[in-house]
Amino acid sequence: MSVIKACLRHEWIPVALVVFILVKLCLDQSANSSRYSSAIGTLMAQEDIQTRLVSNFLQRNQLVSLLSRAEANSTHDTETAYAARVFYKRCFSRPTVNQSKRNSSEHPHFPGFVIENAGLCGAGQRVDVLVYVNSAVQNRERRRAIRHSWASHNAFTGIIVRLVFILGQAGSRREQLELLSEQASWGDIVQAKFEDTFRNLTFKAVTFMTWFNAHCAQAQYVVKVDDDMFVDMFSVVFNIIPKMAEKEYAMACSYTKHGKIIRDPKSHWYVESSLLAGHNHYPGFCPGFFSVITGNIIPELYENSFSVKDFIPVDDVYMTGLSLKNPKRVSIVDIRDQLYPNERSDPHQELKVNGHFEYTAFRVKEEKQQMSLWNLKLSKLSGLEQRFSSYKDKFSIYEKLPVIIK
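Numbering (mature numbering (1 follows the signal peptide of the UniProt record, and there is no 0)), first residue to last: -28 to -1, 1 to 378.
Keep in mind the hints are simulated off the structure, nothing from the lab. Think of the CB as a built atom: it goes at the ideal place given N, C-alpha and C, for glycine as much as any other residue. Warning: the hint list may mix true and false statements.
[As the list claims (entries may be wrong)] Now the in silico label distances, taken between C-beta atoms and shown as ranges:
#1 His230 x Thr68: 31 to 37 Å
#2 Asp306 x His125: 25 to 31 Å
#3 Lys229 x Ser279: 20 to 26 Å
Full structure from sequences and hints, please.
Next up, the structure:
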């Protein structure tokens, strides 16, 4: 309007020109309005796609089925990429964990560190999955096999995996020097001051909880496993973790209720009559050969362990049973049908025939099996697993688009 008034002040400007200017301004405004409406429409469409994906995720509490359907139709590439981003936002954006303020020097059963490894997770750095492995000093080849196979930090792009081995004291000076050299090469060992025997496994549990609370409390999930187990980490990330993601506190395992306390001195799991006196059964717990725990539980377990009176030589019961003071608050995800605590007869053939292992975690007899099973798994990755094992390439064109999480 100001342009028209300026033109009219000059009588020499023909009225027709004024009309022309007015029409041009109206047309420009209409075009801008159309472009604006188109942009708004595009954003609304994007928001609708993402909202629908989140809705499907919440309804099923598992994103895998949604992604599998989307990938089956090549026209859904955009939708699948959005779903992948929603998956990461949902599964790996858990609230910040509050560390316990209790001083480890006051813990009645913390033996103290030999190798503390305070920088393994990095102060303030993101850790999505921490793999916690109970090992022994002499099991060097087992650790090597695990590092180079399923627990490698290179297994995923976009999902940060860290690995820690918890050990006791070495039996000789030579063993200790070899362990120090191993730690210098790989940086994934935490060692404490206790004799490394089967009956002292509970010291490893205390050592891990102490170390985690002090140095790795930012980890979103903890995968606890023995060093003679093979783990399909793709199955952990895409089948187990999504079942836990919407729960504030969760443990996924072959949950055991009313496990019998063994009082026979000949048993590996013998518990003296003075411990848990008057009880015949343990509280519910996650067996230690394999479990997945949300990271926010560990500092609470550490805090509670200060007041556990019965220091039993059964580490999994001590950590996830006796130290869990409020079990009703923790959601138990029962995955016993995905776990096999013993050796499989022919897991290679399972994968070749079915395209996947029958179980997510199972025991292996020899270290070389870890590598051969993992290499075979990598050669048999599904389209979905391939997509998620290279987040950066798949999401590069969507980095600037908003993800709506409601």
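A quick look at each hint next to the structure:
1. His230 x Thr68: 31 to 37 Å: Roughly 35 Å apart at Cβ, these two residues keep to the hinted range, so it holds.
2. Asp306 x His125: 25 to 31 Å: Hint holds: Cβ distance 29 Å, inside 25 to 31 Å.
3. Lys229 x Ser279: 20 to 26 Å: 23 Å, holds
When each numbered hint is compared with the structure, no violation occurs for any of them.
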